[in-house]
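*Asks:* Listed below, chain by chain, are the residues.
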Amino acid sequence: MTDINLGNRDGIESPARKHAIRGLGVTLLQTVAFFLLFAVLLEGLARTSLVRELLPYMTFGSWHYQLDLKWLLLKQYVAENGGMDVIVVGNSLVDTGVVPEVIAQTYFEKTGVKLRVFNFGIGGLTVSPTSENAKLLVDTYHPALLIFVTEMRDYDATNGIRTETKYLSDSWMQYQMGNFNPKGWLVDHSVTLQHYLPYRNWMRNDFPSTFASYLGTYHATSATGYEGDLAELTADKIPNPSTSDSNPYFSSSQPYQIDPTRLVCLGTILDLARNGGTRIIVVEMPVHPMFFEFAGGKAIHEAFKEKIAETVRSGGGIFLPATEEVAIPLDGRANLTHLNWKGAPIFSAYLGARLAGLTSQDGMMFISKQNEGGQR
Amino acid sequence: MNITTLAFAAFMVIVIAGYRLLPSRFRNIWLLAACLGFLLTWAWQFAVFLLIIGTVNYFLGRWLGAAKERRKHILWIGIAFNIFVLLIFKYSDFYIPQFSAVLVRLGIDTSSEGLRLLMPIGLSFTVVQLISYLTDVYKQILQPEKRWLEFNIYVLYFPKLISGPIERARLFIPRLDQPPSLTTDAIGRSFALIVIGLVRKLLFANVLSALLPAAAFTQPLNYSAQMLLLWLLAYAFMIYNDFAGYTSIVRGVSGLLGIELTSNFNTPYFSRSVAEFWERWHISLTNWLRDYIFFPLSRLLRRKFPNPEHIINFVLPPLVTMLVSGMWHGLSVNLLLWGGLHGAYMIIERIPTLWSPKVQMDERPKWQQASARLFTFTLVVAAWLPFRMDFITAKRYFAGIILPSHWLKMDFLWMSEVFKGRLPVGDVYAWNIPDPRVLLVLIPAILLDWVQYRNKDELIFLRWPRWVRAALLAFVTLSLLLVSFADSAAPFVYQGF
Chain W
1 MTDINLGNRD
11 GIESPARKHA
21 IRGLGVTLLQ
31 TVAFFLLFAV
41 LLEGLARTSL
51 VRELLPYMTF
61 GSWHYQLDLK
71 WLLLKQYVAE
81 NGGMDVIVVG
91 NSLVDTGVVP
101 EVIAQTYFEK
111 TGVKLRVFNF
121 GIGGLTVSPT
131 SENAKLLVDT
141 YHPALLIFVT
151 EMRDYDATNG
161 IRTETKYLSD
171 SWMQYQMGNF
181 NPKGWLVDHS
191 VTLQHYLPYR
201 NWMRNDFPST
211 FASYLGTYHA
221 TSATGYEGDL
231 AELTADKIPN
241 PSTSDSNPYF
251 SSSQPYQIDP
261 TRLVCLGTIL
271 DLARNGGTRI
281 IVVEMPVHPM
291 FFEFAGGKAI
301 HEAFKEKIAE
311 TVRSGGGIFL
321 PATEEVAIPL
331 DGRANLTHLN
341 WKGAPIFSAY
351 LGARLAGLTS
361 QDGMMFISKQ
371 NEGGQR
Chain L
1 MNITTLAFAA
11 FMVIVIAGYR
21 LLPSRFRNIW
31 LLAACLGFLL
41 TWAWQFAVFL
51 LIIGTVNYFL
61 GRWLGAAKER
71 RKHILWIGIA
81 FNIFVLLIFK
91 YSDFYIPQFS
101 AVLVRLGIDT
111 SSEGLRLLMP
121 IGLSFTVVQL
131 ISYLTDVYKQ
141 ILQPEKRWLE
151 FNIYVLYFPK
161 LISGPIERAR
171 LFIPRLDQPP
181 SLTTDAIGRS
191 FALIVIGLVR
201 KLLFANVLSA
211 LLPAAAFTQP
221 LNYSAQMLLL
231 WLLAYAFMIY
241 NDFAGYTSIV
251 RGVSGLLGIE
261 LTSNFNTPYF
271 SRSVAEFWER
281 WHISLTNWLR
291 DYIFFPLSRL
301 LRRKFPNPEH
311 IINFVLPPLV
321 TMLVSGMWHG
331 LSVNLLLWGG
341 LHGAYMIIER
351 IPTLWSPKVQ
361 MDERPKWQQA
371 SARLFTFTLV
381 VAAWLPFRMD
391 FITAKRYFAG
401 IILPSHWLKM
411 DFLWMSEVFK
421 GRLPVGDVYA
431 WNIPDPRVLL
441 VLIPAILLDW
451 VQYRNKDELI
461 FLRWPRWVRA
471 ALLAFVTLSL
481 LLVSFADSAA
491 PFVYQGF
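Respectively, the protein sequence lines represent chains W and L.
Every letter in the first sequence is one number past the one before it in the working numbering, and letter 353, counting from 1, is 353.
Every letter in the second sequence is one number past the one before it in the working numbering, and letter 85, counting from 1, is 85.
Incorrect hints may have been included.
[What the hints assert, rightly or not] Straight-line Cα separation of at most 16 Å, EDC-like style, residue types lysine to aspartate or glutamate; simulated pairs: (1) W:LYS75 x W:GLU164; (2) L:LYS146 x L:ASP136; (3) W:LYS166 x L:ASP487; (4) W:LYS237 x W:ASP331; (5) W:LYS183 x L:ASP487; (6) L:LYS409 x L:ASP435.
I should point out that these hints are in silico values taken from the structure, not numbers from a laboratory.
The structure displayed is predicted, hence computed values, not measured ones.
Full structure from sequences and hints, please.
*Replies:* This is how it looks when you write it as structure tokens:
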């Protein structure tokens, strides 16, 4: 037994002490070497096609699994198609309401140009986290056009705060936002971890059901990020604020107001156009008219539209408010706000036509400059 | 501050550095400051409260040491004070709602939350240590501690504060006076204890805890017998690894300060009798109960009933001791039942010694030892039922396991259809298949204990070749890293006591 008096500050290094510390150091170094060896072996294995086939699901372990899913699908889409022209961002209304193929097809029919469009709608997000998504997407993929599909709740100060906090505090998301952290870095760079993370909660008793719902979303989402909704709104199911006990859409205790900090986030999205070749279009989602009754009536909605139009205009973007031009039948809606598999193509065709209009009338092109040499 | 966090690791680095670098006259001041700092990360009220409790007991000890007469009265005042404090805080769940209701009726708006928040961490552990201190001073086994600082370090010493081990002042305080030198053996042992503790806590206990569905312990009859049985085993290993893991970590941490803490667990599930189980499970509490409840009670009864085989001498000491153990864990019927069951087991175990001489377990054939091991394990695991749930639910859980009608057919076909994507997952518990993930954790957990038990050395790993140790440590680190990516962590089960 060798005595190491670590409190000894007489400056004399005994050989026994040196030997003992060296012994501990060697064990530590060997441990690090074994750790690196295991990590490298696993990383090598994870990059083989065998593992890719056995474990097809990959995530970044973020709190919102739809973010993982959309990010990986987009990465895959860009790898397969050589780039990206149009990205549509927003919340679940975008996820289930925008069919990228329909936008591309309509645009192609009217202009003869084939666009590469991706739906990056993520459930539960307001304009605030969406602005972070938009920044990431523009910085990473430099699309020619970013479409932000919005609605009144995006600017309601009380809406989506918990989701926003959890969404943005995630290690990988923070790393993507430029805030370096070891966990975020590791997840971003390790394929082993990306293969493991879908199963990271394997020890939780609710894992089978949560994993099943993750798989359900995975399989229901197309390669362009669209997730069809099969639910259908019928006349007898339309909620009415005069007969409803509570307001499921807005904080009923106060009249609807646009939160100024949320408007700043809209400004952040619009500012993305200033940095380069990305054009920004803000589109209002054609929700059911009854929805506005929950917000306080048509006048409140008109005031909202005016404020958004003014902000978008001053930010150099284009605002397309919801008009009667987009005639969504009742059976094209899943509820007052979401479109279903029948309504989404109608809205998407409208979007495609409006883009084509902007190209033919104003000469706006929506092909990413970086990708012009691509497969067209 | 949770002891499995990086924040605690950083805190320890600072504490150890300060403790070792400061001149000796400042070391204990630094240690008490560290104890108070640790408590402040929970709530400042804890620090103030425990300091007051410590100071009161310090003066009680000195009073007891100086007194020439009525010493017994002083001892009982001290014991009553400590038990009163425990009753006030620990069992507040019983009386605070009623107390609040009375206040509300009097028109005083109050919330019981604030009162409950004041329950200091590890109070049960602190109180039994203080009772043992006063008793030892009374018996003149120990001189009353004259130094307020050292005495309060004994009370507040942060590695043992939350969940023990329960240390005796006569052994602990002298360690504070020893120069803090560290041997390479001690460093190696301390790190090994920390690693084993982390494995037990984070890889075994937390994972098993997350795997257990809460509904199984509230509505057990909704599940098949085979699932209930596996979950009960998982619970048994969860609670053991949780507590043993905690103790192992704090022993390692304290070892790095040069202050050795008592070992609290010694592969208890390999015991061949319930009496042996208690020599291996929560050893510091068992020793305390033996010295301050069992022996005094046995001596008292022997004075009244001199025949050692008198039914009173035979039954009362183990039963009362185990009932006190149950009450120490919490004042509830189910915990009393748990203690009572263990007491009853120990009485029944001793019955054969009434007519035949006791044969040492080691001298018995191997098959008898193995059967005894299995039987004891079954009894102990069955007793965890009232420990975990109320009496009625425990009864249902027990019925759920033993009734043949609850051994339901396992639906492997359904499971395979789900895996092929032909059916939605739905309710996986309806498959009646015991969760294989539990086995994934149970097997290595049992293996760890088996290696320690076979070699009669909890740190046998230190005798393995260096490269094997390094490879094992690297594997553990990798596993800990992977498990750390899960979305939540469970608190220590024993933290509430």
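*Asks:* Hints the structure violates: just list their numbers, smallest first.
*Replies:* 1
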